[in-house]
Amino acid sequence: GAVVSQHPSRVICKSGTSVKIECRSLDFQATTMFWYRQFPKKSLMLMATSNEGSKATYEQGVEKDKFLINHASLTLSTLTVTSAHPEDSSFYICSAYRGWPGSTDTQYFGPGTRLTVL
Amino acid sequence: QKEVEQNSGPLSVPEGAIASLNCTYSDRGSQSFFWYRQYSGKSPELIMFIYSNGDKEDGRFTAQLNKASQYVSLLIRDSQPSDSATYLCAVGGTYKYIFGTGTRLKVLA
Chain U
47 GAVVSQHPSR VICKSGTSVK IECRSLDFQA TTMFWYRQFP KKSLMLMATS
97 NEGSKATYEQ GVEKDKFLIN HASLTLSTLT VTSAHPEDSS FYICSAYRGW
147 PGSTDTQYFG PGTRLTVL
Chain R
174 QKEVEQNSGP LSVPEGAIAS LNCTYSDRGS QSFFWYRQYS GKSPELIMFI
224 YSNGDKEDGR FTAQLNKASQ YVSLLIRDSQ PSDSATYLCA VGGTYKYIFG
274 TGTRLKVLA
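Chains as they are written, first to last, in the working numbering: chain U, 47 to 164; chain R, 174 to 282.
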C-alpha cells in the first residue's frame with residue numbers, strides 16, 4: 047500500500063507557458079501533501095504544504111503566484127508552474143502523508159516530474 | 174533555522190563491507206527520523222524510520238538514534254553494488270520533514 051503517482055513524469059515546454067503537475071495517492075487518503083523541488087546534486091527543498099480544502103502554505107522564498115497549488119480532494123493535489131522560465135527547470139516531487147499532524151506515519155513520495163523549460 | 178547535516182561524500186566501501194552513514198540535526202524537538210535512498214534521476218524511497226533512542230534493525234539496515242547527541246545514523250551491512258545511491262536523512266516534527274543534503278555511497282565490486 048501507500049502508492050503515490052505523479053503525472054506527467056517528464057515535460058518540456060516553452061518559456062512563458064504554464065505547466066500542471068498532478069499528484070495522486072492511489073490507495074490511501076492524504077489530508078496533507080507536500081511539493082518539493084530538487085536541483086541536480088542538491089537535496090530536496092520543500093516548496094509548500096498542501097492541505098485538502100484549504101490554501102497551501104508556502105515556504106519562505108517560494109512565490110505562491112508562480113507555483114499554484116490546489117488540493118482538490120483527499121487523493122489529488124496539483125502544482126501549476128505559471129509562466130515558466132528556464133530557471134524553473136527542475137525535478138518536482140510530491141509526497142503524501144498518510145497520517146495526521148502529530149501522528150507517527152511517514153511521507154510517501156511520488157516518482158517525480160522532470161520539467162525542462164526551453 | 175532548523176538544519177540537518179550530512180557529509181556529502183562520496184563514501185566508498187568495498188562490496189561486503191559495512192557502510193556507515195551519519196546525520197546530525199539542530200532541532201531538539203524533532204520527533205521522527207527517516208532514511209531515504211535516492212538513485213540518480215529517481216525520487217526518494219523510504220528505507221527506515223526511527224522514533225525512539227537506540228537501534229532499529231531491518232534486514233541489512235540498522236538505524237541508530239541518539240537524541241541527546243542529536244545524531245542519527247544508518248548502517249548497511251554486507252554492502253552491495255546495488256546499494257550505491259544517495260542516502261537522505263530526514264528529520265520531522267509533526268509531519269513536516271527537513272532533509273539533509275544527502276551522502277553519496279559507492280559500493281565497489
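Calculated from the structure, these hints are not laboratory results.
Among these hints, one or two may not hold up.
[What the hints assert, rightly or not] Derived DSBU-like pairs: lysine-lysine, alpha-carbon spacing no greater than 30 Å straight-line:
| hint | chain 1 | residue 1 | chain 2 | residue 2 |
| --- | --- | --- | --- | --- |
| 1 | R | Lys175 | U | Lys60 |
| 2 | U | Lys88 | U | Lys112 |
| 3 | U | Lys87 | R | Lys279 |
| 4 | R | Lys215 | U | Lys110 |
| 5 | U | Lys101 | R | Lys269 |
| 6 | U | Lys60 | U | Lys112 |
Being a predicted model, the structure only gives us computed values, none of them experimental.
Structure-based check of all given hints:
With a C-alpha separation of about 37 Å, the suggested pair Lys175 (chain R) and Lys60 (chain U) falls outside the 30 Å cut-off, and the hint is violated. The straight-line distance between the Cα atoms of Lys88 (chain U) and Lys112 (chain U) is roughly 22 Å, inside the 30 Å bound, and the hint therefore holds. For the proposed pair Lys87 (chain U) and Lys279 (chain R), the alpha carbon gap of about 15 Å is at most 30 Å, so the pair holds. Taking the CA atoms of Lys215 (chain R) and Lys110 (chain U), the gap is about 26 Å. The hint holds against a cut of 30 Å.
Taking the CA atoms of Lys101 (chain U) and Lys269 (chain R), the gap is about 16 Å. The hint holds against a cut of 30 Å. A hinted pair counts as satisfied when its Cα atoms are at most 30 Å apart, and Lys60 (chain U) with Lys112 (chain U) qualifies at roughly 16 Å.
Going through the hint list in order, the structure does not satisfy hint 1, though it satisfies all others.
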